[in-house]
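Participant: Let chain A serve as the given structure and place chains B and C on it in line with the hints.
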Amino acid sequence: MNIITLTTDFGTREGYVGAMKGKIISLLKDKDQDRDVKIVDISHEIEPFNIYHGAYVLLTSIPHFPPSVHIAVVDPTVGSERNSIVIKTERGDYLVGPDNGLFTYVVKKLGVKEIFRIDEEKYSPSSTFHGRDIYAVVGAEILKEGKYEGERLRDFVKLDEVKKKIIHIDRFGNIITNIKKDEISFTHGDEIKIKIIHKQKNKIRTEKIIKCKFVKSYFEGKDDLICLVNSEGFLEISKFMDNASKLLNVNYLDEIEIMGKEK
Amino acid sequence: MNIITLTTDFGTREGYVGAMKGKIISLLKDKDQDRDVKIVDISHEIEPFNIYHGAYVLLTSIPHFPPSVHIAVVDPTVGSERNSIVIKTERGDYLVGPDNGLFTYVVKKLGVKEIFRIDEEKYSPSSTFHGRDIYAVVGAEILKEGKYEGERLRDFVKLDEVKKKIIHIDRFGNIITNIKKDEISFTHGDEIKIKIIHKQKNKIRTEKIIKCKFVKSYFEGKDDLICLVNSEGFLEISKFMDNASKLLNVNYLDEIEIMGKEK
Amino acid sequence: MNIITLTTDFGTREGYVGAMKGKIISLLKDKDQDRDVKIVDISHEIEPFNIYHGAYVLLTSIPHFPPSVHIAVVDPTVGSERNSIVIKTERGDYLVGPDNGLFTYVVKKLGVKEIFRIDEEKYSPSSTFHGRDIYAVVGAEILKEGKYEGERLRDFVKLDEVKKKIIHIDRFGNIITNIKKDEISFTHGDEIKIKIIHKQKNKIRTEKIIKCKFVKSYFEGKDDLICLVNSEGFLEISKFMDNASKLLNVNYLDEIEIMGKEK
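Protein chains in written order, with the numbering used here: chain A, 1 to 263; chain B, 264 to 526; chain C, 527 to 789.
Here chain A stands alone, though its shape is the one from the complex (with noise of 0.2 Å):
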């Protein structure tokens, strides 16, 4: 194992990420393994605080790489008393983090071998930093030890996926939906009336119905909205060469609610 992998809210126009990379190749320096390991970013445009967004696009990423250390920060209570955790997946892979529901997406995909808590006092950290003092340590630790040790944990923070919602919306403003693939059954060219519906804090509620042609590919909906399976396996809402999320208003967590096709 030589891949450790990065994926923040911290933006690139600070120099938390490069502190973190610092800090890897430091600590692998010892070893002479700095050679060869590779540090890959994922992202550093998490929406701040955002743990869906997080969730989701380590969903999308990690699956594809061979068994890695991924560190993954997105810790709006950074300093408080959750837990941070490492979670070995089935095949091998060790996941880095706070214990906030970030990994929730992944580790459905790959499964969980075991779940180790972080003994956070060991690395002093400062209280503001733990993608440095502590995730960055832990993560070139495992390289260089090739596993983790440490109390087990039986569980560990997971997002709600019962409820029907906006998960992620990209940088096109494609709107995913945590509906998957199996929970419909549409046949292409379907006309699809669907609920959206978004509640604010003081319990005002509005609803929209949209109706949206169900297709393969973006560019079939040169006129509609679309909607359509995604490479991940989840219902998708779209406009071919538009922002969707910016027409229709709509914004993570909304809830969506499948109502039928048009007949």
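If you're looking for bench data, these hints aren't it; they were derived computationally from the structure. One thing to keep in mind: the hints can contain errors.
If you want the footprint, here are the derived chain B segments under chain C, 3+ residues with CB under 8 Å [as the list claims (entries may be wrong)]: (1) 264-275; (2) 298-309; (3) 325-337; (4) 432-439.
On a predicted model such as this, the values are computed, not experimentally measured, just so you know. Backbone N, C-alpha and C define an ideal beta-carbon position, used for all residues, glycine too.
Facilitator: Leaving out everything else, chains B and C in the frame of chain A:
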């Protein structure tokens, strides 16, 4: 050859780029080539669907690498009838991507040796993500084998270069035209008149005439618009520490006409 | 030494960074050193021309690397009379870039051993892109030779550090000042009064006085402005899951005056 570069309009807030990197590393793992391979990010911030932007970025970066595998994905019609191609340059690069004009400029500079059509069906791709399902795989295969074999093509799609126009606007707002160094004959300090023509879809045509000083370095134009031959040999319109494209309210593909110098 | 880092204000929507990477790899190819070298992106999203921003990012990242070659390009006056320099730090880093203050903070932390002026003419650079034509080449040469030889300088340009001010605003809107840990003596929970002074070019001076709670972690300030000593030892003004700089409408170089704590 151990380098593979990536240029896409995927952005870095998604898992798309991570998925491509993971795929490439996975495929080279078998032959233990993954330790040597360098995956180099050129850009993932090509404007969505802007083939001109992508073409300019490839021109300005690829020639500086030693002969390498270069994957480029700006692909508005993914899943349609457009071809996928591999172009081998005279010096031995392999350019991998959709056949939509992306490689126009860089191939003009580096010369073409062979053109191949990629047999997309062979890769049973998803209909939305050829970057991961086809191009990453083809790129990894070329690194593995040191060559590409497939159906030969006689030609590939090229962007129009006859009409003089804005082909790129960079992050600083500098306006890059496809007017080459050898098409102009100005000397340092000349005051040049340039007409910029914007054609809207409804056939409204807006013209504006600007004056700019022909200089060598950005900082020479503290108060005026300047133009200079940039490091790629293209005529560029700029304003020192300011955003020329916003000042002039111009955009990609606006036409450019050099009206001569002020006497 | 096999690491070369890049920090620029070039953004990643251009070919600039790719050109630098290509150049470095090409130059190391001859000696077959390209397989070992690691080109590490620190940041390409330094605010255009913002030397303070660049200086802070270098400070927060470079010390975490083992001694390496670090190229930094934030260079508003490229092509003018400003020098290009190589600074060797006490522990053996080589800092390569324009002599405009960029290296102030990191050199203060790491110490200076030698300073060299780069003979720019030797590289017959384009007048607009020294990052590719000079700094990438110098960086590669240092990796190749393991040292740098050139005209010695006695000193280099430094940013002013006497006046207390905002030196960085991070992606989350956290406001970082150049007030150090040892210049303040507050205890957890103290309510602190801070004056922020904004001077406009027309000499209009705007003052605002804010109160903020002195804490250890971001999440402690659910409702109030907070301030804390950040992981670099600087006083930082923040708001939990909110953008403090937008809330307060402050910017780089606004002056900061600690007025003491509320009794």
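Participant: Give a verdict on every hint.
Facilitator: Hints and how they fare:
1. 264-275: That given contact holds, which follows from 5 residues of the segment 264-275 of chain B lying within Cβ reach (below 8 Å) of chain C.
2. 298-309: holds (count 9)
3. 325-337: Held - the segment 325-337 of chain B has 5 residues with a Cβ nearer than 8 Å to chain C, which meets the minimum of three.
4. 432-439: holds (count 3)
Hint compliance for this structure: no hint is broken.
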